[in-house]
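As you go down the protein sequences, you meet chains A and R in turn.
Counting from 0, one number per residue, gives the positions in the first sequence under numbering that gives the first Met the number 0.
Counting from 0, one number per residue, gives the positions in the second sequence under numbering that gives the first Met the number 0.
Among the clues, some could well be false.
Claimed, not checked - Below, computed lysine to aspartate or glutamate pairings styled on EDC-like, alpha-carbon distance capped at 20 Å:
no., chain 1, residue 1, chain 2, residue 2
1, A, LYS20, A, GLU157
2, R, LYS123, A, ASP92
3, A, LYS138, A, GLU150
4, A, LYS213, A, ASP240
5, A, LYS62, A, GLU82
6, A, LYS38, R, GLU28
7, A, LYS225, A, GLU215
8, A, LYS38, R, ASP17
9, A, LYS136, A, GLU157
10, R, LYS10, R, GLU92
11, A, LYS52, R, ASP70
12, A, LYS138, A, ASP240
13, A, LYS25, R, ASP17
14, A, LYS38, R, ASP70
As the list claims (entries may be wrong) - Derived contacts from chain A toward chain R, CB cut-off under 10 Å, selection only:
no., residue
15, ALA24
16, LEU27
17, LEU47
18, ARG181
What the hints assert, rightly or not - Computed spacing ranges between beta-carbons, pair by pair:
no., chain 1, residue 1, chain 2, residue 2, range
19, R, ARG31, A, ALA168, 54 to 62 Å
20, A, VAL61, R, GLU127, 24 to 32 Å
21, A, GLY193, R, GLU127, 31 to 39 Å
22, A, LYS169, R, LEU83, 44 to 52 Å
23, R, ARG91, A, LYS81, 34 to 42 Å
24, A, LYS81, R, SER4, 33 to 41 Å
No wet-lab data here; the hints were simulated from the structure.
All residues carry an ideal CB built from backbone N, CA and C; glycine is no exception.
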Amino acid sequence: MYPFTYHQPDSVRQAASVAGKAEDAKFLAGGMTLLPTMKQRLASPANLIDLSKIGDLAGIEVKGRSVVIGAMTRHFDVANSKELQAAIPALADLAGMIGDPAVRNRGTIGGSLANNDPAADYPAAALALGATIITNKRKIEAEDYFTGLFETALEEGEIITKVSFPIPAKAGYEKFRNPASRYAIVGVFVAKRGSDVRVAVTGAGASGVFRATKIEAALTAKFSSKSLEGVKMPAEGLNTDIHADAEYRAHLITVMAKRATDKAK
Amino acid sequence: MPVVSMTVNGKAVSADVDPRTLLVHYLRENLRLTGTHVGCDTSQCGACVVMVNGASIKSCTALAVGLQGADVTTIEGLAKDGKLHPMQEAFRENHGLQCGFCTPGMIMSAVDIVNRNGSKIDEKTIREELEGNICRCTGYHNIVKAIAAGAEAMGG
Chain A
0 MYPFTYHQPD SVRQAASVAG KAEDAKFLAG GMTLLPTMKQ RLASPANLID
50 LSKIGDLAGI EVKGRSVVIG AMTRHFDVAN SKELQAAIPA LADLAGMIGD
100 PAVRNRGTIG GSLANNDPAA DYPAAALALG ATIITNKRKI EAEDYFTGLF
150 ETALEEGEII TKVSFPIPAK AGYEKFRNPA SRYAIVGVFV AKRGSDVRVA
200 VTGAGASGVF RATKIEAALT AKFSSKSLEG VKMPAEGLNT DIHADAEYRA
250 HLITVMAKRA TDKAK
Chain R
0 MPVVSMTVNG KAVSADVDPR TLLVHYLREN LRLTGTHVGC DTSQCGACVV
50 MVNGASIKSC TALAVGLQGA DVTTIEGLAK DGKLHPMQEA FRENHGLQCG
100 FCTPGMIMSA VDIVNRNGSK IDEKTIREEL EGNICRCTGY HNIVKAIAAG
150 AEAMGG
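Chain R extracted, bound-state conformation (with noise of 0.2 Å):
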């Protein structure tokens, strides 16, 4: 089976795998980080968003060993010296959340969106932008609150 090596939450991991484990699997069950969900499995959802080299990707539709060297960053990566996030301190603020399930690929997507759109995102931006993310308990307003509080916050 081949070693998959790569960079998680800036640190080295390798193990070995089976080439048709995906990333999801890799990170919840190679490496234990089960921040990461799997919803749908259909690439749906967004319950697996993690970044993948900076860029949003779907960890259940993804190949682990097509990521050899890759840098990831997990939900479990975003806290810093035992201090959230600030987009997850909204999310906490604002009630971002119901059941919680949808919520780290909610915040991983929402980094991501304020990464590539600025800290000043407008309501309708924000809803386009989490296409790929769905909330079963329906709480995207709340979600959508959250992230632009988290957007001014992360911009400074």
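One chain only, chain A, in its complex shape (with noise of 0.2 Å):
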């Protein structure tokens, strides 16, 4: 790893004013990403804003008719939440799925969303639920903010603060894993509210997490995994890699829709 400057500031507020001063920062959350890549040197930030010492960004609260959890709230944390369990199970089962349990000790879903990993988890319930992306500086509708792989509507210095999730009448998540890093190869968040139902996908995008307009379609007829029989998910835009190859891909998407369907609650 490169040397970096060190900052540990207390509030947002203060962490901002760094970032708009320091040449060339990075925000650290739980650093489950951002240090393995410094350590690769495929990252150099010349100077380090570190969002641990922060005390009011952690938290799960359900308000009113959504749950709004803190940025830097810690996987295990959104996992074991009784409130969260109660509200929107399919999230917290999603949290319980994410690397291991020494990573999700430290992981966070802030972080997980600054970073948006075309094969990283939260992203598929932001989208699939409708969150709301809060920062220091504004609300960002998830539609609006995924823009790409590893890129986000956020402005060089915004910090995400909070999301907040509308609470489904029904979801589930289910994906299919790479076994060794435990990222979705391709994993798959329907969410039902009303007559709306939505469906996000990750893992497979060549572009990052999007909807599944397809499997919508059949679900918003019926929800019940039975209507998603003889769907075919177009190869088009997905991901080929080492691990699995478009067509795959593509028939992955119906079958976890199918499990999280199965499971939606």
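Build the complex from these two chains, which are given one at a time in their own frames, with help from the hints.
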């Protein structure tokens, strides 16, 4: 890892102010992606701004018809929150499928969303549930937030503070995991709210998380895995790599969508 | 260079380190606690697992400077008064190791698994919970047996 200047602000305001002044700065949340990337010298920020000592960035709260999760809330806490398990069990379930226990003890929801790894789990939940990403500057709808591979609508120096998830009638998440990294080769999050069904796919898209409109249409007609019999996803725009080719990923999307629908509650 | 102070295995420690020092190197090189191993160095294998404020983490993927004031337990901190921790004893009894390289991380994760799941844990849970620990000798069978036995012993 190349050397950097380390900053540990104790408020979001201070973190933003450091970021405004420092050249080539990066925010550090749980570090589960950024630190390995720095170790491999694929990232070498001159300034590292550690957000871990900012007290009010973690926590889970049910507010009306939404669940609001602080950006620095660890996957472990999301997976084990009784309130969340009651309100959006699929989201708690998803957090419990990320990485392994030691990774879940460090990794955070805000870090995952800021990084927008095309195989990460949270982007699928945010897009399918219609989450709002709340930053120190504004609110961004999930629909406008994910803009490409590791790309988001976040501007330089903008910090995610909270994520608000509307509570669905039913939701489920299922993923076909890479057995070594536990990242999604294909992950599908299905959510039903009133007559609105949204299905978001992670791991498969060549430009990151996307909504599977064909599957949404089938599930809107009837919210049952039987509706997905014979639904074939196109392989265009899907990723081919050493783990799976685009055709196989296309096939997996329907399979994972069926399982996620069966699990949905 | 910043002075990083924490409590490691019940003792107050402190060292001058470069900010890029990882917790595992702080432990091994500054404190000479070499029981915590660096295996894959990519946060997958779990040879470097230690407890920080009661939660298991991969010490190869944490900056020491970010853990100012933390309470850290390493494999060296488990045995008390010259007596092995019940989980260590269970690994010895059940031959839960071959080359032994992954063992410190396995044992730290095992203690964490019992802390979170209680002392009555089935084989499936143990195997799932061990996802983040890799044994290149593939000695998982005895490791899982050792953890089940160690869990019982920890329970009393």
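Hints and how they fare:
1. Distance hint between LYS20 of chain A and GLU157 of chain A is fulfilled; the C-alpha atoms sit about 13 Å from each other, no more than 20 Å.
2. With a CA separation close to 17 Å, the supplied pair LYS123 of chain R and ASP92 of chain A stays within the 20 Å bound.
3. For the given pair, LYS138 of chain A sits about 17 Å from GLU150 of chain A by alpha-carbon distance, which is consistent with the 20 Å threshold.
4. Between LYS213 of chain A and ASP240 of chain A the CA atoms are separated by roughly 24 Å; this puts the pair beyond 20 Å, and the hint is violated.
5. Distance hint between LYS62 of chain A and GLU82 of chain A is fulfilled; the C-alpha atoms sit about 11 Å from each other, no more than 20 Å.
6. In summary, the hint linking LYS38 of chain A to GLU28 of chain R is supported, as the alpha carbons are separated by about 18 Å, within the 20 Å threshold.
7. Between LYS225 of chain A and GLU215 of chain A, the direct Cα distance comes to roughly 13 Å. Compliance with the 20 Å bound is thereby established for this hinted pair.
8. A distance of roughly 14 Å separates the Cα atoms of LYS38 of chain A and ASP17 of chain R; the hinted pair therefore holds under the 20 Å criterion.
9. Between LYS136 of chain A and GLU157 of chain A the alpha-carbon distance is near 7 Å, which keeps this suggested pair within the 20 Å criterion.
10. For the hint pairing LYS10 of chain R with GLU92 of chain R, the CA-to-CA distance comes to about 30 Å; that exceeds 20 Å, so the pair is violated.
11. Straight-line distance between C-alpha atoms of LYS52 of chain A and ASP70 of chain R comes to about 15 Å, which keeps the hinted pair within the 20 Å bound.
12. This hinted pair does not check out: LYS138 of chain A and ASP240 of chain A have alpha carbons roughly 35 Å apart, beyond 20 Å.
13. Distance check on the hinted pair: LYS25 of chain A and ASP17 of chain R sit about 18 Å apart at the alpha-carbon level, within 20 Å; holds.
14. Among the hinted pairs, LYS38 of chain A with ASP70 of chain R is inconsistent with the structure: their alpha-carbon atoms are about 25 Å apart, more than 20 Å.
15. Among the interface hints, the one on ALA24 of chain A is violated; its C-beta lies about 14 Å from the nearest C-beta in chain R, farther than the 10 Å criterion.
16. A distance limit of 10 Å between C-beta atoms decides the matter here; for LEU27 of chain A the minimum to chain R is near 7 Å, and the interface restraint holds.
17. At about 7 Å, the closest approach between the beta carbon of LEU47 of chain A and any beta carbon in chain R falls short of 10 Å, and the interface hint on this residue holds.
18. Hint on ARG181 of chain A holds. Least Cβ distance to chain R is approximately 7 Å, under the 10 Å limit.
19. The hint said 54 to 62 Å for the Cβ distance between ARG31 of chain R and ALA168 of chain A, and at roughly 57 Å that hint holds.
20. Look at VAL61 of chain A against GLU127 of chain R: about 28 Å separates their beta carbons, and that is inside 24 to 32 Å.
21. Take GLY193 of chain A and GLU127 of chain R: their Cβ atoms lie about 35 Å apart, and the range 31 to 39 Å holds.
22. LYS169 of chain A and LEU83 of chain R have their C-beta atoms about 50 Å apart, which keeps the hinted 44 to 52 Å range intact.
23. Our hint of 34 to 42 Å for ARG91 of chain R and LYS81 of chain A holds, since their Cβ atoms are close to 38 Å apart.
24. One distance hint, 33 to 41 Å for the beta-carbon pair LYS81 of chain A and SER4 of chain R, holds here, with the actual separation near 35 Å.
In summary, the structure is inconsistent with hints 4, 10, 12, 14, 15 from the numbered list given earlier, while agreeing with the others.
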